[in-house]
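Chemist: In case you want the letters, here they are:
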Amino acid sequence: MVQRRTAQTPNNDEIQVDHNRDGIDRRGFLKCMAWAGTGALCVLQGGVLKSYSLRHGYGSKRHAQGELSFVQISDRHMGFNKPANPDVIDTLKAAVDKINALPIMPEFMLHTGDISHLSKPEQFDNVDQILKSAHPKNVFFVPGEHDVLEDDGKQYRERYARGAKGAGWYSFDMKGAHFIGLVNVMNLRAGGLGTLGAEQLEWLEKDVKHLSKSTPVIVFAHILLWTVYPEWGWGTDDSAQALAYLKRFGSVTVRNGHIHQTMQKVEGNVTFHTAASTAFPQPKPGEAPSPGPMKVPAEQLRSLLGVTDVNYAPGQHGLAVTDSTLE
Amino acid sequence: MKKSLCTYAVAISTLLGFIALAKTPGTLAATPESSPSGIEVKIDNFSYSPAAVTVKAGTQVTWTNHDDIPHTVVSTDNLFKSKTLDTDEKFSFIPTKPGTYSYFCSIHPKMTAQIVVQ
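Protein sequences, first through last, are from chains A and B.
Heads up: the first sequence at position 126 corresponds to 133 in the working numbering, and the numbers run straight through without jumps.
Heads up: the second sequence at position 99 corresponds to 687 in the working numbering, and the numbers run straight through without jumps.
Fair warning: there could be bad hints in the mix.
Which chain A residues face chain B? A few, computed with CB under 8 Å, are given here [what the hints assert, rightly or not]:
id : residue
1  : G73
2  : A197
3  : G199
4  : P298
BS3-like mimics (lysine-lysine), calculated; alpha carbons at most 30 Å apart, straight line [stated by the list, open to error]:
id : chain 1 : residue 1 : chain 2 : residue 2
5  : A       : K172      : B       : K630
6  : B       : K644      : A       : K127
7  : A       : K172      : B       : K698
8  : A       : K161      : B       : K669
9  : B       : K671      : A       : K172
10 : A       : K100      : A       : K127
11 : A       : K127      : B       : K698
12 : A       : K127      : B       : K669
13 : A       : K127      : B       : K671
Below, a sample of chain B positions facing chain A; criterion: calculated Cβ distance under 8 Å [to be verified]:
id : residue
14 : F634
15 : K671
16 : S690
17 : P697
It should be emphasised that the hints constitute simulated quantities derived from the structure, not laboratory data.
Ideal placement from N, C-alpha and C gives every residue a C-beta, glycine not left out.
With the sequences and hints as input, model every part of the structure.
Modeler: Here it is as structure tokens:
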């Protein structure tokens with residue numbers, strides 16, 4: 008079921024009761040919790056990619072059937088232990104349980120970055136260990152900025168991107184669809200956004216040249232390839248060039264992480280999605296002094312996962328909200 | 589809640605007139621408390637505060653990350669670079685040559701600031 012409504016309700020965001028003087032009332036708190044989540048089930052049906060939040064349950068076979076299904080997970084931030092979620096191990100395990108309970112086993116998982124919080128080997132090890140218990144055995148990764156700290160991403164590439172090009176970009180074909188994993192977290196420029204760079208863009212142009220225009224194309228990268236809120240760095244400087252190479256395709260889906268909340272936007276032939284995080288929620292664009300973690304007690308965080316599902320899609324007249332549920 | 593301050597190795601690099609130091613808060617002459625003439629820059633809410641500081645050559649500048657998210661302090665001209673600073677971790681350096689030095693967070697590049705050395 009997909010409902011669409013506008014989110015422009017005057018004064019709706021005013022705090023009415025602020026017991027803890029922390030700028031968050033109960034209603035606001037519940038709202039914040041909508042931004043934390045588990046992952047998304049993606050099903051390719053008739054060449055069009057549909058996605059469902061895993062937050063609400065396991066869905067029916069009818070929804071999960073298609074040419075191909077996969078799960079997107081993102082922003083594990085293994086090693087994060089602050090009040091916003093001191094137990095990211097448990098929330099990751101809960102996400103894997105939900106994936107394993109799906110009525111049809113997905114072909115594979117996409118992980119859109121920030122596997123670790125501080126690029127430490129034990130943090131990567133922890134995630135690898137937990138993901139081993141997931142039924143889909145293949146995981147395709149792209150790095151987040153937290154995965155390439157200190158060593159220019161050497162450790163990341165050795166663990167997750169062997170055989171990939173450059174900083175870890177690659178593509179593969181699966182059941183008629185073409186998947187492209189891009190890296191936009193390296194060599195970030197002062198004052199700038201995410202960056203793909205000339206070498207990767209050149210590779211992308213060649214990579215898609217031979218494809219027929221009816222090929223469904225799915226692009227995944229950590230930082231958004233569409234600009235949501237540049238003030239917080241939520242965009243990629245040279246993504247327009249990448250998207251220009253994909254213009255001739257009938258069905259293009261872009262899947263990102265980074266902002267720890269689900270959003271979606273449709274622009275021409277391209278559908279943009281971002282995935283939630285299992286680690287901690289981040290505020291809505293511009294609605295906090297910074298994009299830092301939303302601080303809430305862990306037990307409340309976990310019990311409130313799945314309160315509601317909100318996909319924000321910036322449109323011409325403010326934010327449109329879509330609720331997608333697996334029913 | 590903030591974590592206790594972490595201990596990490598002393599790293600000294602001298603690049604084009606800069607001496608970069610990362611040290612424990614307990615080290616003599618490393619903290620603003622024991623170095624009254626030192627300048628402290630806070631990293632809070634994804635920004636450096638103050639965003640511009642003016643210091644005399646030889647004055648130690650110390651950054652402390654108060655966010656729950658790691659940040660870095662990296663010169664845009666590659667003159668100095670901190671390691672990744674987790675919550676409550678510090679980075680210090682002592683500029684020795686006059687000039688204007690811009691820096692940013694290499695993880696969150698929208699975070700920019702500068703030091704003016706007289």
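Chemist: Provide an ascending list of the numbers of those earlier hints which the structure does not satisfy.
Modeler: 1, 5 and 6
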